Amino acid sequence: MSFIELINLDKRYSAKGNLIVNQMNLKIEQGEFIVFLGPSGCGKTTTIRMISGLEDISGGDITVDGNSIVSLAPKDRGVSMIFQSYAVWPHMTVYENIAYPLRLKHMKKDERDVKVKLAAEKTNIGDYLTRYPSQLSGGQRQRVAVARAMVVEPKIFLMDEPLSNLDAMLRVSMRSELKNIHETLNATTIFVTHDQAEAMSLADRIVIMKDGIIQQIGTPKQVYYDCETVFVASFIGTPPANFFKVHLEEIKNQLHAKNELVDYILNDEERVLVKDYLNQEVIMGIRPENIEINTTKRVPEGFLFEAKADFVEPQGSHIIVIINQHNNVVKVSSPLLDLEPKTKIFLNVKEHRVMFFDPITEKRIRKV
Amino acid sequence: MSKFNPIEKTIFALIMSAVVIAVLVPLMFFLANAFSNGTEIYEYPKTPFFSLTVTVKVDYLEESNEYQVLMKNKSGDYINTINSSSGLMLSTYFEQYFSVYRTGEELLSDFEITKTEGPQEFTYYKNMWHNFKMFFQITSNADNALKNSIVVVFYTIIISLTLGSMSGYAMARYRFKAKDQISVFLLIVRMFPVVGISIPLAVILIRFNLFDTMIGLAILYSLPNIALTSWITSSIFIGISRELEEASLVFGANSFQTFIKITLPMALPALAASSMYAFLTAWNDTISALILTNENPTLALAVYQAIGDNTTNLQYAAAGSIILIIPALVFTFVVRKYVNQMWGSVSL
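Going down the list, the protein sequences come from chains Z and H.
Quick note, the first sequence lines up with residues 22 to 389 if you use this note's numbering.
Quick note, the second sequence lines up with residues 385 to 732 if you use this note's numbering.
Same shape as in the complex, but just chain Z (with noise of 0.2 angstroms):
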């Protein structure tokens, strides 16, 4: 059994309104790093505001240890969360922030003390304890909402958009400490983030959301390199992966995948997996990365096409090889710092790493 279970799921505002979470099923087991990531409006926030009992639930379960717990209050989860405007109560000193969830335990003087200390030591805020919220930058009142939630001791820590008001750098170095801390208390963590590199970075598992449903759940490598759906494809990765619309015809025995531009030839194997689909269209994806360029040659293995590079942005470590050309628009991850623009070029598809979606459920053709 898992420790936190999400049965069906589902959320609307008002009786006939639409479903914010449609039918969301979830097993989360205990210590483990859970990231929400989608685009806003997904119903991510709300899941775990859900989960919090901050906000009612329409239909389904939650379980947090076998025990439903949709019954109970906020108080009474025994979860913590860290919300995206920090919620630092300004008329409270760092102290009392950290102390109130001990206080109201009506914890000891003493013990309470010892436990406020320890956790503004461990988010490095012990110098500030005096202070009020007013008068720290924007990281610290961060440091002093995690060392709040920190000091309950949690069984889940709920973090919503816990980074988004921060700027890049001290993103990044929060990011770390996020994990490090997960990695200390071990309290099952549910992140709500619309950054893909954050989710990334942080999660065991990624769970993907759009409209209210779950479109893949998976570890980071999984869900950037073996996507359940377009959405996913698209929306993970920078620059996401390409699309193209094409048709399956066998020619001379050899199955090829055609549109205007391309021209691939499947393999053997990826021949067995979409052999439903002959003669019909599929959405062929690839990522910018497992797409070769060649400035010399064409090498028939994997080729996709020949054109010439319109743009190429330099990024440092790579460059990214822009082609648009009948109205496909295709973006290349390349090691060729010294590619000019307007070179020709030829294409070919890595080791054929080639994802296969059906063009009316979007979703991605597996083997049966």
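Read the hints as simulated data drawn from the structure, not as lab findings.
Since the structure is predicted, the reported quantities are computational estimates derived from the model, not experimental observations.
Check each hint, because a few of them may be wrong.
As the list claims (entries may be wrong) - Beta-carbon label-pair distances, calculated as ranges:
hint, chain 1, residue 1, chain 2, residue 2, range
1, Z, Ala189, H, Ile622, 29 to 39 angstroms
2, H, Met575, Z, Gly62, 42 to 52 angstroms
3, Z, Leu191, H, Pro649, 52 to 62 angstroms
4, H, Leu652, Z, Asn207, 39 to 49 angstroms
5, Z, Lys37, H, Asp564, 21 to 31 angstroms
6, Z, Gly62, H, Leu652, 31 to 41 angstroms
7, Z, Tyr34, H, Pro711, 48 to 58 angstroms
Beta carbons are placed, not taken as given, at the ideal position from N, Cα and C, and that holds for glycine.
Since the structure of chain Z is provided, determine the placement of chain H on it from the hints.
For chain H alone, kept in the frame of chain Z given last:
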């Protein structure tokens, strides 16, 4: 200031000094009246400064064996006040009209010198508290009235802050039918002239046996202040981020604890401002107190009655007004600290 050019600076300075004068001048005349003695109060033209001393010129009249006392007024002229040889009479007169406390023997021995040396000027210090003492003497129930005033203010603040802040919170946080209409209606209550409500309320209060009680009076004062408090606090409550309350709920508080420990302290500036208005309404009102009380007047009413009863001794009523002002001043200055206290750059 550096962003203004010289002309703007001058205009700004002129406006500011006009404001200062507009506040200071009436205040000074007010103080001058309150510290005047029985003679100075009828002087014309009035000066905005009060004097600490009284200067009299005393002449010995041989034919009647009397001292002629002439008081020097502020323009330097002498006014004939009393001719007498009796120490008791002189002493009484000095106390009543000059606010100078000196026994008959002391005065007679002071004046002795004029018999040989001719007319002399004497300068005596006024007893500055004379008017205040007299105010409490002539308004026999003044200390009771002071107590009443404090009680009614206390009740008014309690009633209007409790009900007002609760309705303000509801206005800010919940959606319900006719919310806009209710909030406008609250403002309309504020527009009622108190006299208009006082008379029908008197009838109701008599029914409930609350006529001539402070709680009855406080109910009347609370009516407009509940509305005002609700408006002031709801705008602050709207500004308080919901996440702050939600954080409290997640970290172990129930919603009542959250309201008391998180929401209310952050709304303190609004509550302080509202309590100031409630205080001033209850403390300064005379007309409703006149209608709704009989034997238990408030201090403001007592001062009003002192003017009515003593048209000859206006300085006593002025002294009563000073007594009325002081608690209001103290309260306002204490509360002002909280009104200004916003919590730094953290958005509420």
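Violations among the numbered hints, reported as their numbers in ascending order: Of the numbered hints given earlier, the structure breaks just one, which is hint 3.
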